[in-house]
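There are 2 protein chains.
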Amino acid sequence: MESDDGEVVSNKQVIFKDYVPGILQESDMYITTATIKLKVPPDTKGVLVKNLYLSCDPYMRIRMRKVQGSYFARSCQESLLPITGRGVAKVVDSSHPDFKNDDLVWGMTGWEEYSLITATETLFKIHDRDVPPSCYLGILGMPGLTAYGGFYEICSPKKGEFVFVSAASGAVGHLVGQFAKLLGCYVVGSAGSKDKVDLLKNKFGFDDAFNYKEEPDLDAALKRYFPEGIDIYFENVGGKTLDAVLLNMRVHGRISVCGMISQYNLEQPEGVHNLMQLVVKRIRMEGFMVHDYYHLYSKYLEMVLPLMKEGKIVHLEHAAQGLESAPSALVGLFTGCNIGKQVIAVAYE
Amino acid sequence: MESDDGEVVSNKQVIFKDYVPGILQESDMYITTATIKLKVPPDTKGVLVKNLYLSCDPYMRIRMRKVQGSYFARSCQESLLPITGRGVAKVVDSSHPDFKNDDLVWGMTGWEEYSLITATETLFKIHDRDVPPSCYLGILGMPGLTAYGGFYEICSPKKGEFVFVSAASGAVGHLVGQFAKLLGCYVVGSAGSKDKVDLLKNKFGFDDAFNYKEEPDLDAALKRYFPEGIDIYFENVGGKTLDAVLLNMRVHGRISVCGMISQYNLEQPEGVHNLMQLVVKRIRMEGFMVHDYYHLYSKYLEMVLPLMKEGKIVHLEHAAQGLESAPSALVGLFTGCNIGKQVIAVAYE
Chain H
5 MESDDGEVVS NKQVIFKDYV PGILQESDMY ITTATIKLKV PPDTKGVLVK
55 NLYLSCDPYM RIRMRKVQGS YFARSCQESL LPITGRGVAK VVDSSHPDFK
105 NDDLVWGMTG WEEYSLITAT ETLFKIHDRD VPPSCYLGIL GMPGLTAYGG
155 FYEICSPKKG EFVFVSAASG AVGHLVGQFA KLLGCYVVGS AGSKDKVDLL
205 KNKFGFDDAF NYKEEPDLDA ALKRYFPEGI DIYFENVGGK TLDAVLLNMR
255 VHGRISVCGM ISQYNLEQPE GVHNLMQLVV KRIRMEGFMV HDYYHLYSKY
305 LEMVLPLMKE GKIVHLEHAA QGLESAPSAL VGLFTGCNIG KQVIAVAYE
Chain L
5 MESDDGEVVS NKQVIFKDYV PGILQESDMY ITTATIKLKV PPDTKGVLVK
55 NLYLSCDPYM RIRMRKVQGS YFARSCQESL LPITGRGVAK VVDSSHPDFK
105 NDDLVWGMTG WEEYSLITAT ETLFKIHDRD VPPSCYLGIL GMPGLTAYGG
155 FYEICSPKKG EFVFVSAASG AVGHLVGQFA KLLGCYVVGS AGSKDKVDLL
205 KNKFGFDDAF NYKEEPDLDA ALKRYFPEGI DIYFENVGGK TLDAVLLNMR
255 VHGRISVCGM ISQYNLEQPE GVHNLMQLVV KRIRMEGFMV HDYYHLYSKY
305 LEMVLPLMKE GKIVHLEHAA QGLESAPSAL VGLFTGCNIG KQVIAVAYE
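Residue numbers (the numbering used here), protein chains in the order written: chain H, 5 to 353; chain L, 5 to 353.
Quick caveat, the hints were computed from the structure, so don't treat them as lab data. Mixed in with the good hints there might be a few duds.
All copies of an identical chain are treated as equivalent in the list; a pair is satisfied when it fits inside any one copy or across any two copies.
[As the list claims (entries may be wrong)] Straight-line C-alpha distance at most 30 Å; calculated DSBU-like pairs for lysine-lysine:
#1 Lys70 <-> Lys227
#2 Lys70 <-> Lys162
#3 Lys244 <-> Lys70
#4 Lys129 <-> Lys54
#5 Lys49 <-> Lys129
#6 Lys185 <-> Lys303
#7 Lys217 <-> Lys198
#8 Lys163 <-> Lys244
#9 Lys316 <-> Lys129
#10 Lys303 <-> Lys54
Build the full structure now, drawing on both the sequences and the hints.
The following block contains the structure:
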């Protein structure tokens, strides 16, 4: 199997079959085994990496549907290449001056054992090896920066304000809640199980939390938890929750729209009816993407790494084992299986 | 009919009967005649005014329905007092040091011939008598300041940007379009008739305009008028138009939400389905009310009065004659009868 150009090894991959308009299922993906040469091809500038951890993120579901004006136009799925997503990986071979063998990196990679990455501008080298590398898929990576940018930059938060976070036990939500508590806000989260609600209150320090599945009237629930109304809503779910929140916002409230996970498995998104509240309460509702905040990444790390090491902020990870478990891990994001950041552990070194 | 305290005169009034959940009709109002003493009562600080012009504004429709969290909690309609709204009036008697007989004022008054106004903090004295006084219900009053605050403060407009205005021939819309043109934007408006579309293009200087009633596919229409997308949307209508606009916004676009007139006569507001575009395009959507911009009023007048006198900005008024015509004028706002600012001429001096 050896050649002058590097060893050829088998390379297990997760392939996505075709766009899914409705509910994403494990059967929309399959596992296959290809081969790969562990060497960057001649005349190519890039790195050959061994993937250690892969990330399951809600935005990946959007790539899996045909949507107008989407940022997912360049979809690898169309040519049956492995799913692309963020991962932590070890450099096995490099023709790029910024990366050398055995470097740890995080960034866009493939759902497979080994990947050739030529878009190296999306890779970050991991310098701090005191923390588990998979953290770079959560608190120290895209979800962390998402929580940071979406909360501090969009919400203009002030001490004492009333903050509501939906999908609060998710990769982004559980960090937003903790950032808001550190700032001195009053924070309530919603999640989909008793265990998650307990975690929010007992582990992540939310002032209160509730299980939205047990609330037949979300408007009434929000009135119970926010008798004085909501200043800041960190939107992760969309649909009925957004409609109920709009009725409970305070004057000059802010809604940071990070995602709408309740809608991604629907053929048609639900209608939101209470937008006139934007006028009545003079609300600012703003969508964002983490791409706009990468210039803040080193500033964010400077803030969060000490907090993390001092135990002032807690990070929760949900790890599935092996590439074979990747399809069910991704599907599970949309049925609430994960608590905290969902990753797939592919290899340990 | 005379007394020491002032003449008692008959006072025609327009009374609103009861909250209307669906379509507002003339029969929801009636005309009656009361009497009034043309003197501010003893121990009362206020002004007694003769109403000259009354204003028909879309927000008045919202006061006419029971809505949660509305800014219309203190509704005069409940006790069969005349409808309240903005007007231009002449002071007939005053016990307030800031106002004297024969002053012209604009602000909150009643739909009647004479009104006793004690909330004088909502009154502005009219100093510039070079312009028709009814302008203070349009370009020089609330709609003008609404257009100014909603466009300049919310939209952060820049020269060369693509601007779409709905209800563009309305009291606010036709001013927003002209402000945007003065700044060097490319401006397209939508309206509900050929005459209005012609006015937008030929009188108000919009780059283009279309009749939304002749566009079965609003998304396709917007793609035709904005092949490169929309940077700024000045939202006056809501519903299907908003949904179509969301699909055509550019990255980092702004939506200034002034009102949603297409929804005010519906028992349930329509659902808006495309809010995920806020994330995909990182759009800021912000509601506002003119109340938040009164501190800018004198600055606004300094800007707009010269433009108006030089003919660089055109103001259009639609005047109904007499209090008897008030109910149909108000109802007509929601069926598109008016072009420009709808007022009711009650008296000429």
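As a check of your reading, is Lys70 near Lys162 (CA-CA no more than 30 Å) within one copy, between copies, both or neither?
For Lys70 and Lys162, the Cα distance exceeds 30 Å both inside one copy (39 Å) and across copies (33 Å).
Within a copy, between copies, both or neither: where do Lys49 and Lys129 come within 30 Å Cα-Cα?
The answer is within: 16 Å in one copy meets 30 Å, while 72 Å across copies does not.
Within a copy, between copies, both or neither: where do Lys244 and Lys70 come within 30 Å Cα-Cα?
Answer is both: 24 Å inside a copy and 21 Å across each meet the 30 Å cutoff.
Can you tell me if Lys217 and Lys198 fall within 30 Å by alpha carbon in one copy, between copies, both or neither?
within (10 Å within a copy, 51 Å between copies)
Is it within, between, both or neither when you check Lys303 against Lys54 at 30 Å Cα-Cα?
within (29 Å within a copy, 63 Å between copies)
My question is about Lys129 and Lys54: at a cut-off of 30 Å on alpha-carbon distance, are they close within one copy, between copies, both, or neither?
The answer is within: 14 Å in one copy meets 30 Å, while 76 Å across copies does not.
Identical-chain pair category, Lys185 with Lys303, by Cα at 30 Å:
within (20 Å within a copy, 41 Å between copies)
Checking an output row: Lys70 and Lys227, CA cutoff 30 Å. Within, between, both or neither?
between (38 Å within a copy, 19 Å between copies)
Since the copies are identical, ignore which copy is meant and state whether Lys316 and Lys129 lie within 30 Å (CA to CA) inside a copy, between copies, both or neither.
For Lys316 and Lys129, the Cα distance is within 30 Å only inside one copy (25 Å; across copies 58 Å).
When no copy is specified for Lys163 and Lys244, does a C-alpha distance of 30 Å or less occur within a copy, between copies, both, or neither?
within (28 Å within a copy, 38 Å between copies)
Hint compliance for this structure: hint 2 is the single one not met.
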